[in-house]
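Residue numbers for the sequence shown follow our numbering, beginning at 97 and rising by one.
Warning: the hint list may mix true and false statements.
[What the hints assert, rightly or not] With a straight-line Cα cutoff of 30 angstroms, these simulated DSS-like cross-link-like pairs (lysine-lysine) come out:
{"id": "1", "residue 1": "Lys105", "residue 2": "Lys136"}
{"id": "2", "residue 1": "Lys120", "residue 2": "Lys136"}
{"id": "3", "residue 1": "Lys137", "residue 2": "Lys105"}
{"id": "4", "residue 1": "Lys120", "residue 2": "Lys105"}
{"id": "5", "residue 1": "Lys111", "residue 2": "Lys136"}
{"id": "6", "residue 1": "Lys137", "residue 2": "Lys120"}
{"id": "7", "residue 1": "Lys136", "residue 2": "Lys121"}
{"id": "8", "residue 1": "Lys111", "residue 2": "Lys121"}
{"id": "9", "residue 1": "Lys121", "residue 2": "Lys105"}
{"id": "10", "residue 1": "Lys111", "residue 2": "Lys137"}
{"id": "11", "residue 1": "Lys121", "residue 2": "Lys137"}
Honestly, the hints are just simulated from the structure, not real lab data. All figures in this text were calculated on a predicted structure; none of them were measured in a lab.
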Amino acid sequence: MNNPKITLKNIRENKGISQRQLAKKLNISQGYISSIENGKKSPTIRMLYRIANALEICPHYLLPVTIYCSNTCKKWGDIL
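With the sequences and hints as input, model every part of the structure.
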């Protein structure tokens, strides 16, 4: 099972993106990103999709359950 707070931080750091940079891309506060990474807040599915899009990853990497995600992950935006 994935843990969004740990996964988000790891992916963000591996891509060399700071919390501030990610927050700016998403037009949200750095504090909100920090709260997600520290487990103080749980993002909505819509926000997880936006974060995944900003990090250029498939959203399922950030979901707390394992689901199948085909090569057409970008189509998730159509259903959200």
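Violated hints, by number in ascending order, as checked against the structure: Of the numbered hints, all hold.
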